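K.L.:
Residue numbers (my numbering), protein chains in the order written: chain A, 419 to 748; chain B, 40 to 720.
Mixed in with the good hints there might be a few duds.
[Unchecked claim] Between beta-carbon pairs, the in silico distance windows are:
#1 A:Val440 x B:Asp530: 39 to 45 angstroms
#2 B:Leu303 x A:Leu445: 53 to 59 angstroms
#3 B:Lys651 x A:Val487: 48 to 54 angstroms
#4 B:Leu303 x A:Leu427: 43 to 49 angstroms
#5 A:Val487 x B:Glu572: 23 to 29 angstroms
#6 A:Tyr577 x B:Tyr300: 54 to 60 angstroms
#7 B:Pro222 x A:Lys491: 18 to 24 angstroms
#8 B:Asn418 x A:Trp520: 32 to 38 angstroms
#9 A:Val487 x B:Asn132: 57 to 63 angstroms
Treat the hints as calculated values from the structure; they're not laboratory data. The structure displayed is predicted, hence computed values, not measured ones. Built from N, CA and C at the ideal position, the CB exists for glycine as well.
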Amino acid sequence: MLPYLLRRLVLAAVTIVAITLVTFGILHLPPVDFVTAYAAQAAASGTSISAAEADAMRLAYGLNQPLWVQYWKWLSMVSVGDFGRSFEYGRPVTEVIGDRLWLTVLLSMGAIVITWGLALPIGIYSAVRQYSIGDYVFTFLGFIGLAIPNFLLALIVMYFGFRLFGINVGGLFSPDQQLAPWTWTKVLDLLNHLPVPVLILSLAGTAQLVRIMRANLLDELRRPYVVTARARGLSERRVIMKYPVRAALNPFASTIGYLLPFMVSGSVIISVVLSLPTVGPLLLRSLLSQDMLLASTIILLLGILTVFGTLLSDLLLMWIDPRIRLGQLR
Amino acid sequence: MITPSLSRRSMLSALAASPAAMAFLRSAIARADDLAASGLVGELQGPTMITDPAKWPTKFAEAPMLAELVKAGKLPPVEQRIPAEPMVWQPLNEVGKYGGTWRRAFTGPADGENGNRIQSSDKPLNWSADGSKIVPGMAKGYLLSDDGKTYTLSLRKGMRWSDGAPFTADDFIFWFEDIYGNPEIVPTPTPEMRPKGKPGRMVKVDETTVRWEFDVPYYLFEEIMAGDTAMGGGQAVRQAAKVSFGAYAPGHYLKQFLPKYSSLEAVNARAKQEGFENWVQMLHFKKDWELNTEVPVLGPWRSVRPINTPIWLLERNPYYYAVDTAGNQLPYFDRVQFTLAENLEIINLRAMAGEYDEQERHIDLAKLPVLLDNQAKGNYKVHLDLGFAGSDFMFHVNQSYTGDAEIRKWLTNADFRRALALGIDRDQLNETFWLGVGTPGSPAPGEIMPQSPGPVWRKKWSVLDIAQANALLDKIGLAKKDGDGYRVRTDNGQRLRLEVIAIAAFLPYPKLSEMVADQWRQIGIQADVREMERGLGFAKQTNNEHQLFVWNNGGTELLYLFPTWAVPVIPGAAFGPKYADWYSSGGTQGMKPDDPNIMKIFDLYTEAAGLKAEGRNHNAQEIWKILVDQQYGIGTVGQSPAGLGVRLVSNRLGNIAARVCNAQHCRTPGNSHPETWYFKS
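Based on the provided sequences and hints, a complete structural model is requested.
P.N.:
This is the structure we're talking about:
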């Protein structure tokens with residue numbers, strides 16, 4: 419077990435270094451740098467950046483240096499834990515991300531809990547009571563959930579929220595609570611704003627997981643060992659929960675690799691549409707504005723989380739499923 | 040849902056059997072009548088500047104929040120804070136009341152202009168409410184010598200920075216010598232300080248007088264000092280975002296960050312300690328009022344929470360230089376609060392819910408019907424501030440394109456460009472995307488602007504005439520068509536395809552371009568619209584890779600201040616980046632134009648800097664005539680509220696103008712002086 423773990427850890431480290439290289443390379447592919455993007459943004463807001471001003475900016479950001487110099491500088495900074503200052507924000511990258519990180523994690527955790535809380539029981543029910551009225555209803559809802567793009571749903575919910583209830587749209591706080599210190603009022607305000615984004619975030623995931631759970635469980639339920647268990651007179655509950663559900667859980671465990679980065683970035687599009695102060699919109703903006711240090715740091719963070727998430731899900735799978743465990747160690 | 044006036048316009052368009060013939064009638068009658076009747080477009084207004092010292096107030100008052108600080112001994116009394124020669128405003132309607140927070144939207148740290156424009160009374164000079172005349176601003180006035188070689192700026196006696204330090208001619212000299220003169224901070228000098236390539240000088244005459252000296256006549260400098268330019272733009276915008284222009288800077292505060300006043304080691308050590316790479320980085324941060332809440336400013340407010348947080352908060356500047364006629368120190372609003380929105384839809388939705396007190400930025404013209412629909416519910420009123428620029432959506436035809444010899448041949452052919460211009464149905468565009476509130480025509484500015492070449496030039500080549508367009512194209516050698524009716528290239532017989540680069544901004548330009556591409560099918564021209572992300576589109580454009588580039592020509596109504604979207608004199612101009620390089624480098628880089636008309640434009644433009652206002656305007660008119668006749672830029676619909684012109688104002692606000700000058704030089708909404716607005720209730 420231990421050598422296996424060590425091997426995986428070393429591989430993970432190598433992967434992460436490769437990620438930095440690829441990240442940096444891809445980020446610099448477009449023929450646009452921060453200053454060009456900034457000038458374009460200025461033009462689009464009715465101002466113009468003169469050539470003299472653009473020169474000054476390039477010098478200030480060190481964008482006139484060759485690419486490999488920029489990469490080496492960045493890598494040596496990152497290796498000692500200094501992620502630099504965001505071009506656009508003029509603040510240390512860690513602060514810019516840190517500001518939004520915990521709200522993002524809160525939202526995503528909420529979404530994951532709801533997704534799993536709904537998807538597991540519904541999936542099991544649908545499989546066990548296949549072709550019952552309940553199964554049809556959930557299947558119908560599930561397909562609708564899968565078919566409606568999340569951002570569209572977000573827009574619709576937002577518009578009706580505004581039209582019918584006049585609720586404050588977008589964001590996680592009311593305007594008057596934004597600047598308020600943390601009090602119970604502010605926490606309540608946050609809790610009031612959470613359900614809509616959390617539900618929208620979890621909807622598509624739920625629909626998908628229900629389908630997966632149902633399909634997997636149906637496969638298992640037809641296996642001879644289930645028939646045997648029934649024939650031996652085990653209670654129906656025990657028959658289903660003891661082995662088939664456990665086996666059907668594998669896909670859940672293997673998605674954990676993607677859950678970690680999801681927790682940090684959230685859903686980019688939904689966050690943008692709902693104007694949520696999460697890391698997702700930050701990533702999008704930093705890419706559009708070519709804010710290199712910020713974008714590289716977020717992508718690096720997501721890369722690391724994906725690598726470790728995958729490792730984690732592999733370990734989890736081994737723990738859940740003896741077949742995998744024995745296969746790996748042999 | 041739509042106002043009566045708008046539906047009346049739609050009826051008119053339904054009756055318009057022959058668009059070309061009706062275009063004249065409709066724009067002449069319908070526009071003036073309908074827009075006035077709609078109540079959405081008012082008269083240009085603003086507060087009145089009282090320049091006669093005899094009419095100035097003698098007693099002064101201040102906001103309650105400042106009075107408290109005075110009482111606590113933390114601030115000197117108001118009489119000592121305002122200049123001996125203050126700016127005196129007679130507010131538009133009445134003397135206002137103090138207090139309140141002006142709620143606004145912003146889209147993040149790149150949206151600094153949102154606040155810079157509100158702070159624009161830190162410009163040395165401003166423009167009158169209608170945007171036509173230069174008037175005093177932070178400076179009391181200016182004098183241009185008869186020979187045009189010296190320009191003297193007079194400051195207000197006793198004026199102070201927001202931290203209470205005196206604001207004097209030394210702050211200008213500090214900027215000139217220590218900021219502008221330091222190549223580590225400003226690597227490239229601005230052409231605005233170098234008429235005919237000869238660097239100008241700045242000298243201190245006395246505490247409140249600064250003089251600029253040039254070697255050649257430079258009458259244009261008076262306009263530059265009033266414009267949104269490197270020299271005249273003011274501290275807020277010109278010393279943010281790592282640029283360092285603006286003609287003056289708070290020397291007493293910034294000296295501590297410069298090696299000259301301590302040592303290179305000392306400032307670099309401090310920079311390291313504060314988390315910057317070196318002292319230059321630190322300076323860029325320290326002088327930026329959006330990021331640094333400590334830097335002294337001259338505008339009505341100052342940042343108390345920086346722009347790089349979800350809320351950008353401004354609070355009144357206790358030393359602001361303006362008062363109202365009753366002697367109340369301005370501004371009336373205590374605070375300005377910008378709330379972050381991750382996208383523009385959210386801003387528009389929140390605006391409809393009445394969550395902003397005044398917002399013209401980021402409001403989408405296409406949402407006008409819903410915005411009007413929600414006026415009562417959101418307790419606001421919609422105003423449309425029409426711009427002056429000729430075209431809010433136009434095709435900039437790259438004259439220095441070299442990517443394809445055949446394409447270049449046609450792009451540089453005047454009759455080809457004219458045919459494209461004649462093939463556009465501007466009324467269809469106007470009704471669809473401007474809801475009928477724009478004015479169809481050429482790129483030339485509106486007639487009320489002094490540089491307008493006259494109404495004839497608004498229409499020349501710029502009305503729909505398919506027959507003439509086809510005749511022109513047939514004549515120049517593009518008569519051959521393929522099976523689908525498209526004209527073919529003369530070199531290989533393949534279909535002639537034009538590439539149009541369109542970026543979504545101000546208006547949905549890609550969609551507008553698609554509509555024009557569709558219209559061009561009638562003249563047998565295939566145009567491929569390529570929608571691009573903003574940065575990429577601009578990079579391609581400045582790299583000379585575009586054939587047709589879609590943008591507006593905002594700002595060109597004052598040609599010499601904002602020439603970029605009209606003539607190729609600023610590097611990277613869409614007109615022809617290589618030609619622009621040639622002109623701006625004095626002929627050492629880029630490509631020399633082979634079109635005599637462009638050389639004529641260059642001559643007129645170069646000459647203008649040394650001419651007095653009348654001569655400059657004459658030259659500008661001549662340039663516009665060439666531009667329109669040659670169709671280097673193909674105009675569609677302009678003088679509309681598409682950019683910054685859809686203004687939502689809470690009914691709680693007072694002293695709000697019916698219409699504000701919506702133009703680049705007016706720093707909309709800065710020129711309508713937000714410091715004189717107030718909460719009535």
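K.L.:
Each hint: holds or not?
P.N.:
Consistency of the hints with the structure:
| no. | hint | verdict |
| --- | --- | --- |
| 1 | A:Val440 x B:Asp530: 39 to 45 angstroms | 42 angstroms, holds |
| 2 | B:Leu303 x A:Leu445: 53 to 59 angstroms | 33 angstroms, violated |
| 3 | B:Lys651 x A:Val487: 48 to 54 angstroms | 51 angstroms, holds |
| 4 | B:Leu303 x A:Leu427: 43 to 49 angstroms | 45 angstroms, holds |
| 5 | A:Val487 x B:Glu572: 23 to 29 angstroms | 26 angstroms, holds |
| 6 | A:Tyr577 x B:Tyr300: 54 to 60 angstroms | 57 angstroms, holds |
| 7 | B:Pro222 x A:Lys491: 18 to 24 angstroms | 22 angstroms, holds |
| 8 | B:Asn418 x A:Trp520: 32 to 38 angstroms | 36 angstroms, holds |
| 9 | A:Val487 x B:Asn132: 57 to 63 angstroms | 60 angstroms, holds |
Hint 2 from the list above is the single one not met by this structure.
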